[in-house]
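Engineer: Make a model of the complete structure from these sequences and hints.
In this text, residue positions in the sequence shown follow numbering that gives the first Met the number 0: the first is 0, and each later residue adds one.
Since the hints were made in silico from the structure, they are not lab data. Given the structure is predicted, the values throughout are model-derived calculations rather than measurements. A few of these clues could be false.
In silico BS3-like cross-links for lysine-lysine, where the CA-CA straight-line distance does not exceed 30 Å [what the hints assert, rightly or not]:
1. Lys76 x Lys93
2. Lys76 x Lys36
3. Lys93 x Lys66
4. Lys36 x Lys66
5. Lys93 x Lys48
6. Lys66 x Lys48
7. Lys93 x Lys79
Per label pair, the in silico range of CB-to-CB distance [what the hints assert, rightly or not]:
8. Arg46 x Ile73: 18 to 24 Å
9. Ile32 x Glu101: 26 to 32 Å
10. Phe60 x Arg40: 20 to 26 Å
Note that beta-carbon positions come from the ideal geometry of N, C-alpha and C, so glycine has one too.
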Amino acid sequence: MKVKLSKRRREDYRLIIIPEVIDRDRCIPICDIGEGKLINRVKTFCRSKYRTNTHSLRYAFITHLLKQNVNLSIIAKITKHSRLDHILTYTQEKEAERILREEVEYG
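Structural biologist: Below is the structure:
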């Protein structure tokens, strides 16, 4: 199913996989606040409950896919990255930080 999503700079269509057990006619809005307020509440919840943000979750997902040996161009399509080097640079930096941290802690 294609769902219209509002983005910061433009509107875009992205493929969202909805399980067959979910009947679209039974989907109802979860609240009556505006989209902006809902997004802010989700961000606040992530920060306060899990000490993370949505950007970190996005790159955690990308890192997970890379560790599963998913092709980089497939990951870029899923995450709508226009440049593969952005994905590589970020994930390589995080991996280098992790390795350095382990070396310092465990020698």
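Engineer: Against each hint, give a clear statement of whether it holds in the structure.
Structural biologist: Comparing the hints with the structure gives:
Of the supplied pair hints, the one linking Lys76 and Lys93 holds, its CA atoms being roughly 21 Å apart against a limit of 30 Å. Under the criterion of a C-alpha separation no larger than 30 Å, the hint pairing Lys76 with Lys36 is consistent with the structure, at around 28 Å. At roughly 13 Å between alpha-carbon atoms, Lys93 and Lys66 fall within 30 Å of each other, so this suggested pair holds. For the hint linking Lys36 to Lys66, the alpha-carbon distance of about 35 Å lies beyond 30 Å, and the restraint is violated.
The suggested pairing of Lys93 with Lys48 holds, with an alpha-carbon distance near 23 Å, which does not exceed 30 Å. A hinted pair counts as satisfied when its Cα atoms are at most 30 Å apart, and Lys66 with Lys48 qualifies at roughly 26 Å. Taking the CA atoms of Lys93 and Lys79, the gap is about 20 Å. The hint holds against a cut of 30 Å. Between Arg46 and Ile73 the C-beta distance comes to about 30 Å, which lies outside the given range of 18 to 24 Å.
Under the hint 26 to 32 Å, the C-beta atoms of Ile32 and Glu101, about 43 Å apart, miss the expected range. Distance hint check for Phe60 and Arg40: the Cβ-Cβ separation is about 21 Å, which falls inside the suggested range of 20 to 26 Å.
Checked against the numbered hints given earlier, this structure breaks hints 4, 8, 9; the rest are met.
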